[in-house]
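Enquirer: Sequence:
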Amino acid sequence: MRVPDAERLRRWRRVLGGGDRSDGTGCTLSGRDAAMDRTLEALYGGDGPGAGERGKGSSGGQRSAGLGDSAPRVARWLGDIRTYFPTSVVQVMQRDAIDRLGLSALLLEPEMLEAVEADVHLVGTLLSLNQAMPETTKEPARAVVRKVVEELEKRLATRTRATLHGALDRSARISRPRHQDIDWNRTIRANLKNYLPEYGTVVPERLIGYGRAARGTKKDVILCIDQSGSMAASVVYASVFGAVLASMRSLATRLVVFDTSVVDLTEQLDDPVDVLFGTQLGGGTDINRALAYCQSQITRPADTIVVLISDLYEGGIRDEMLGRVAAMKAAGVQFVALLALSDEGAPSYDREHAGALAALGAPAFACTPDLFPDVMAAAIERRQLPIPDGESPH
Numbered sequence: 001m002r003v004p005d006a007e008r009l010r011r012w013r014r015v016l017g018g019g020d021r022s023d024g025t026g027c028t029l030s031g032r033d034a035a036m037d038r039t040l041e042a043l044y045g046g047d048g049p050g051a052g053e054r055g056k057g058s059s060g061g062q063r064s065a066g067l068g069d070s071a072p073r074v075a076r077w078l079g080d081i082r083t084y085f086p087t088s089v090v091q092v093m094q095r096d097a098i099d100r101l102g103l104s105a106l107l108l109e110p111e112m113l114e115a116v117e118a119d120v121h122l123v124g125t126l127l128s129l130n131q132a133m134p135e136t137t138k139e140p141a142r143a144v145v146r147k148v149v150e151e152l153e154k155r156l157a158t159r160t161r162a163t164l165h166g167a168l169d170r171s172a173r174i175s176r177p178r179h180q181d182i183d184w185n186r187t188i189r190a191n192l193k194n195y196l197p198e199y200g201t202v203v204p205e206r207l208i209g210y211g212r213a214a215r216g217t218k219k220d221v222i223l224c225i226d227q228s229g230s231m232a233a234s235v236v237y238a239s240v241f242g243a244v245l246a247s248m249r250s251l252a253t254r255l256v257v258f259d260t261s262v263v264d265l266t267e268q269l270d271d272p273v274d275v276l277f278g279t280q281l282g283g284g285t286d287i288n289r290a291l292a293y294c295q296s297q298i299t300r301p302a303d304t305i306v307v308l309i310s311d312l313y314e315g316g317i318r319d320e321m322l323g324r325v326a327a328m329k330a331a332g333v334q335f336v337a338l339l340a341l342s343d344e345g346a347p348s349y350d351r352e353h354a355g356a357l358a359a360l361g362a363p364a365f366a367c368t369p370d371l372f373p374d375v376m377a378a379a380i381e382r383r384q385l386p387i388p389d390g391e392s393p394h
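For the sequence shown, my numbering puts the final residue at 394, and the numbers step up evenly by one.
Worth flagging that the hints you see were computed from the coordinates, not collected in a lab.
Within a straight-line C-alpha distance of at most 30 Å, the following computed DSSO-like cross-link-like pairs (lysine-lysine) qualify:
#1 Lys-218 to Lys-329
#2 Lys-138 to Lys-154
#3 Lys-154 to Lys-218
Here are the in silico distance ranges between beta carbons for each label pair:
#4 Ser-261 to Gly-323: 17 to 25 Å
#5 Gly-361 to Pro-134: 47 to 55 Å
#6 Ala-331 to Leu-196: 44 to 52 Å
Don't be surprised by glycine CBs; every beta carbon is placed ideally from N, CA and C.
Full structure from sequences and hints, please.
Expert: Here it is in structure tokens:
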């Protein structure tokens, strides 16, 4: 369908900028178009870090604008962008405002937090500012974090529980089940050689069934999370998944975060918001020390899954780190190495360490939140991990 010339010029005018300049289009913006342009110019047209990236005036000079350092002004701008743009665009513009114009400090203002569109990236920024946060801002900040956490739980919890309950049941299959516990599909497949055509039936010499759920835990899970600044989104998702896993009786879940020190946040797992505010994003990384602590918590190696979530930039003792992974695997521990747990795409990571883990039989790969339940199910059933297409296991 052909776009009319006037509409095409209007769209180009919005790309090039509004105001009194024609930019060669012969078209001026007004009304909603002009208002949208002002919100974009405030972010992308100023003399700060984002200056000039949307276009230049007819005189060839940089477009002059900016958000300044006024919290009320920024709060109004945040309201404007929600009026004119969809949520996905709003979140990108917010991140650009924080990164390009250095607005992190303004997030410590309560009125800013009330105006902002909450998402995982904003939560990561707030957590990085946690230590500098004034008392008047802590409750609004917790409200923002809780909103995001509740949305993530709503999206992820049901499928995670269903997937892992199925995996736990399958891992407990028994060969002499009671009638009500027989897995008929697998039993028939295992006995097809005993098909009697004259009777049109299969004689099941070997019954395969599901074990009844034990009252005690079936598997121990240790989530070991790198809380260096680059892992912010992974920390958020891992905390939510930790709370979901902890709610399952058949799993005993422990959550450990680390930088150059190690903190066990297992006692806070019933509230992922408490977990998140117990983290301290930034600082160095000592994976070896973190794995040493996790290793000390293992009492049932054959029934334990250790999930290391880290970009593998190790500041500790490399050989000891690899030795601990080898020792855990030799003892029967299922070891999973995730370079990231987020939707952010391919992460930056230490390829040498990733290759060394792969040589030990622990391939490292990035994992999206939607894939994480399947990864955990595979670990529970001790089968090959579902590494995403296009992802090179290292």
